[in-house]
Amino acid sequence: MSTAHTLQNIEMEDWTSHSKNLFRSKLALHDQIICAAQNGAHKFNIFFQAASGNLSQLYPKQLKDNLTVKLRNVKLIDHIQFTRQNRLLISTEHLETAIEISNIKAIMGIPTVCSVISEQITSRFLLRNIPLETSLQELTDELEAENTIKIHEARRFYLINQEMSLLKMF
44 MSTAHTLQNI EMEDWTSHSK NLFRSKLALH DQIICAAQNG AHKFNIFFQA ASGNLSQLYP
104 KQLKDNLTVK LRNVKLIDHI QFTRQNRLLI STEHLETAIE ISNIKAIMGI PTVCSVISEQ
164 ITSRFLLRNI PLETSLQELT DELEAENTIK IHEARRFYLI NQEMSLLKMF
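Going by the working numbering, the residue at position 137 of the sequence shown is 180; the numbering climbs one at a time, nothing skipped.
If you're looking for bench data, these hints aren't it; they were derived computationally from the structure.
Just so you know, these numbers come straight off a predicted model, no measurement behind them.
Cβ coordinates follow ideal geometry from the N, Cα and C atoms, glycine included.
Treat the hints with care, as some may be off.
Straight-line distance between alpha carbons at most 30 angstroms, and here's what the computed DSBU-like set of lysine-lysine pairs gives [unchecked claim]: (1) Lys86 to Lys69; (2) Lys107 to Lys86; (3) Lys193 to Lys107; (4) Lys148 to Lys118; (5) Lys193 to Lys104; (6) Lys86 to Lys113; (7) Lys107 to Lys148; (8) Lys118 to Lys86; (9) Lys104 to Lys118; (10) Lys104 to Lys69; (11) Lys104 to Lys86.
Estimated spans, in silico, between C-beta atoms of each pair [as the list claims (entries may be wrong)]: (12) Asn116 to Leu186: 32 to 40 angstroms; (13) Asn172 to Asp121: 38 to 46 angstroms; (14) Glu185 to Ile77: 44 to 52 angstroms.
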């Protein structure tokens, strides 16, 4: 009987409480955006999710008014939508607007957490069979040194009943 890697046999953990399972770049979000633009990115997708609870999807006019107050030029936003994971996605092709959007700390009074994906330069990949003794910091340092990449986030997923882990890197 084969042991397929499905969600049923991957143990998920609270990533915020286990620093050995989550690596995040020490660069501030606006610095990551500037770095991405210098490396050829020209479209930025900024995701917001509530720090706790959910963002309200009931008042689109109130959301637009809230963003109008916080941003200098809302017309430079290309697209706004809620994803299936109840995250707010805001897309823009303008560097200054992307930096402004990434500085938003709350939407409609709800504290938020922000992340950015830059199109044409951001990729996600999965590494299998990484020994548990290997720290994420050590692994990201080695990958960055041997390749022309910058890793902004890495997560470790444990496979139940195995001594190895899966790593998802951004």
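Right, here's what the structure says about each hint:
For the hint linking Lys86 to Lys69, the alpha-carbon distance of about 22 angstroms falls within 30 angstroms, and the restraint holds. Between the alpha carbons of Lys107 and Lys86 the distance comes to roughly 21 angstroms, so the proposed pair stays at or under 30 angstroms and holds. A threshold of 30 angstroms between alpha carbons decides the hint, and for Lys193 with Lys107 the separation of about 34 angstroms lies outside it, so the pair is violated. Our distance criterion of 30 angstroms between C-alpha atoms is met by Lys148 and Lys118, whose separation comes to about 20 angstroms.
A threshold of 30 angstroms between alpha carbons decides the hint, and for Lys193 with Lys104 the separation of about 38 angstroms lies outside it, so the pair is violated. With a C-alpha separation of about 20 angstroms, the suggested pair Lys86 and Lys113 falls inside the 30 angstroms cut-off, and the hint holds. Simply put, Lys107 and Lys148 have alpha-carbon atoms about 16 angstroms apart, close enough for the 30 angstroms limit, and the pair holds. With a C-alpha separation of about 15 angstroms, the suggested pair Lys118 and Lys86 falls inside the 30 angstroms cut-off, and the hint holds.
Distance check on the hinted pair: Lys104 and Lys118 sit about 15 angstroms apart at the alpha-carbon level, within 30 angstroms; holds. About 35 angstroms separates the Cα atoms of Lys104 and Lys69, which puts this hinted pair outside 30 angstroms; it is violated. Between Lys104 and Lys86 the CA atoms are separated by roughly 25 angstroms; this keeps the pair inside 30 angstroms, and the hint holds. In this structure, Asn116 and Leu186 meet the distance hint of 32 to 40 angstroms, their C-beta atoms being roughly 38 angstroms apart.
At about 40 angstroms, the beta-carbon gap between Asn172 and Asp121 stays in the expected band of 38 to 46 angstroms. Taking 44 to 52 angstroms as the suggested C-beta distance range, the pair Glu185 and Ile77 does not conform, at roughly 25 angstroms.
Comparing the model with each earlier hint shows violations of hints 3, 5, 10, 14; every other hint is respected.
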